[in-house]
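Based on the hints, put chain G in the right spot on chain P.
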Amino acid sequence: MDANEHSILPRTHSSLRVDLQLVADQVVPDTRVLDVGCGDGVLLAYLGKVKGVDGRGLEIEMPKVSAAVRQGLSVIQGNLEDDLKDYPADTFDYVILSQTLQATHNPRAVLEDLLRVGKRAIVSFPNFGHWRVQLSLLLHGRMPATPTLPEAWFDTPNIHLCTILDFVALCHELNITIEKGYALDAMGRERVFSAIGRWANLWSEQALFVLCRTKNSGFD
Amino acid sequence: MDKTQDHLQPCDNTTVTLTEPLLLQSGITFGPVTIAYCTYGKLNPERSNVVLVFHALTGDQYVAGPHPIIERPGWWHHMIGPGRIIDTNRFFVICANVLGGCMGSSGPKENNPETEKPWGPRFPVITIRDIVLAQIKLLDHLGIEQVFCAIGGSMGAMQVLEFAARYPHRIFCAVPIAGSYRHSAQNIAFHEVGRQAIMADPSWKQGNYLEENTVPSRGLAVARMAAHITYLSEPALQRKFGRRLQDRESLTYGFDADFQVESYLRHQGYTFVDRFDANSYLYITKAMDYFDLAEENNGILANAFKGTQIRFCVISFSSDWLFPTSESRAIVQALTSVAANVSFVEVESDNGHDAFLLNEPEFHITLQGFIDGTAEIRGLPARIQD
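As you go down the protein sequences, you meet chains P and G in turn. Each residue of the first sequence is one higher than the one before, counting from 0 in numbering that gives the first Met the number 0. Each residue of the second sequence is one higher than the one before, counting from 0 in numbering that gives the first Met the number 0.
Some hints here could point you the wrong way.
Unchecked claim - To be clear about the criterion: a stretch of chain G counts as covered by chain P if any three or more of its residues have a C-beta under 8 angstroms from a C-beta of chain P, and this derived list gives those stretches:
1) 272–282
2) 331–338
3) 344–350
Said to hold, decoys possible - So the derived list for chain P, only partly shown, Cβ under 10 angstroms to chain G, looks like this:
4) 66
5) 75
6) 77
7) 82
8) 86
9) 90
10) 92
Unchecked claim - So the derived list for chain G, only partly shown, Cβ under 8 angstroms to chain P, looks like this:
11) 312
12) 341
13) 361
14) 375
Everything labelled a hint here was simulated from the structure, so no lab data went into it. Glycine included, each C-beta is placed from N, C-alpha and C at the ideal position.
This is chain P alone, in the form it adopts within the complex (with noise of 0.2 angstroms):
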């Protein structure tokens, strides 16, 4: 489920990814967390170590589910889309749906069950509104491939791209609050500039947000 597979991010200290280290750090100890396209449960293990969270993960490829349930991590075989409705609403504490948003069949009702699900979202996707893919597209009249949007038109993972800007418009209509924002470059290191601005739009090359529902929303 990880439509892009920073492996040549750097690790923290901890050994964890910095995109991962920087989810990781949003989640508050003890708490019940869901891992959408969690791999073979890096982060599910952290968190259950570092943290003490009551973590679940949900992973589309066998291979990983398997590497995840063998280290004694509680996670299902099963995709977002189809899966996702089957949990009760109030589960979690959080649910993190890591650089996979884009690649879903409809990014706005995954992000609807997202916060059904749990009381807060924490969900990272690229910017496609980040010079280089504007500059890109504006200059050669192709679909941009950048660093961090590699592949081909034909071959990507990514139907449903967006800007921050589109983003940040969709959280509003659906009623969905912005609790924190995160301007990321590529290798997933935070920016110094607001995450929601047309700054973080042109300048950042990936997003992370902390979401939760508004009061009175329909979620409620």
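For chain G alone, kept in the frame of chain P given last:
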């Protein structure tokens, strides 16, 4: 037989006769009930290291170590033993012959103490619920309040689910393998073919063959042959036998077993009758057919597991068409919908339903991880790595 098995003593098949009769699902009170069981390993002082293994339709309590009747090690010998996945140096393994079975537990083959004649067709019809109830009574007898793990494949998986649903406080983790929460129409249909084969054998004598000193071996063999096909997969049959001929160069144009696959099935059938009772086959297949955990919960399987604290690991095999992955997935969906702690793996294998009995590395590694991880959470000592 490989070396580690040498260290496992033959099971001292123990029997216990329950002090009280069982109230069966059918409403009948039945007793006295005898349960024959095997144990392996040692019970720890806290009584927290019990692994309860449920056997399948034609299995028995001899899960590991030498088998007293057939000259083969127990049916899960590569799973259970010293240093194995279910390590008898760490766990106290219990496996009981099911109620209705023919390896020492109360069943149609055993004598009715009142008449001192075999029960035969007068044995009451039993269900998976009754089979599990008998084993709960065994745990009571042994003074075991909670098992660490309940595990089983096929009909064993049905017992795991029944146990987990009905006695949630008596189980820490549950591993239903290659199973289902209900027997499908196709599965009932295959069982009915088997039962009809037995009952069509003139030696069956309306179930009274033991008193008449006959054995419906032809009927039972045919039942086994038909069932055995459902345990394999088409690719596995093709790989093992293809259209190869049995000990001959060319077709004989007769009804001999020309093909290896025919000879194999005949062998499966005729060796089966030496170790299994035809009436037991009728009773146990019926118990499986009656099983439907959803039906018992107003048609909603999830209701069976509301609020469960049990950690589940559901495992299926990709080429199993008797208990296909979709059945396991339905169990996982039900568990997910009540926010249960569940892992689910479909193991890639072309060995069909039988895969749960075979040496399937991916299956074993995954299960080992689940058991070790869960044992750690339960506070049991870690496995000694070799």
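Worksheet item: Does residue 341/G pass the interface check with chain P, least Cβ-Cβ distance below 8 angstroms?
Response: holds, 6 angstroms
Item to complete: Could you check if residue 86/P really has its C-beta closer than 10 angstroms to a C-beta on chain G?
Response: holds, 6 angstroms
Worksheet item: How about residue 361/G: closest beta carbon in chain P under 8 angstroms, or not?
Response: OK, holds: residue 361/G within 8 angstroms of chain P, min 6 angstroms.
Worksheet item: Going by Cβ atoms only, is residue 312/G closer than 8 angstroms to chain P?
Response: It holds, given that the least Cβ distance between residue 312/G and chain P is near 7 angstroms, below 8 angstroms.
Worksheet entry | residue 92/P as chain G interface residue, shortest Cβ-Cβ below 10 angstroms | violated, 12 angstroms
Worksheet item: Under the criterion of a CB-CB separation shorter than 8 angstroms, is residue 375/G in contact with chain P as hinted?
Response: Status holds, d = 7 angstroms.
Worksheet item: Does residue 90/P meet its interface restraint, that is, does its C-beta lie within less than 10 angstroms of any C-beta in chain G?
Response: Hint on residue 90/P: holds, closest Cβ of chain G at ~4 angstroms, below 10 angstroms.
Worksheet item: Should the hint that residue 77/P touches chain G count as held when the rule is a Cβ pair under 10 angstroms?
Response: It holds, given that the least Cβ distance between residue 77/P and chain G is near 8 angstroms, below 10 angstroms.
Worksheet item: Going by Cβ atoms only, is residue 66/P closer than 10 angstroms to chain G?
Response: This hint holds: residue 66/P lies near chain G, its Cβ roughly 9 angstroms from the closest one there, short of 10 angstroms.
Worksheet entry | Given hint residue 75/P near chain G, where the shortest CB pair must fall under 10 angstroms | Holds - the Cβ of residue 75/P comes within 10 angstroms of chain G, reaching about 4 angstroms at its closest.
Discussion item. Is the listed coverage of the segment 331–338 of chain G by chain P valid when you require three or more residues with a beta carbon under 8 angstroms from a beta carbon of that chain?
Written reply: Three-residue rule met by the segment 331–338 of chain G, so holds; n is 6.
Worksheet item: According to a criterion of three or more residues whose C-beta lies within less than 8 angstroms of a C-beta of chain P, is the segment 272–282 of chain G covered?
Response: violated (count 0)
Against the hints set out earlier in the document, violations occur for numbers 1 and 10.
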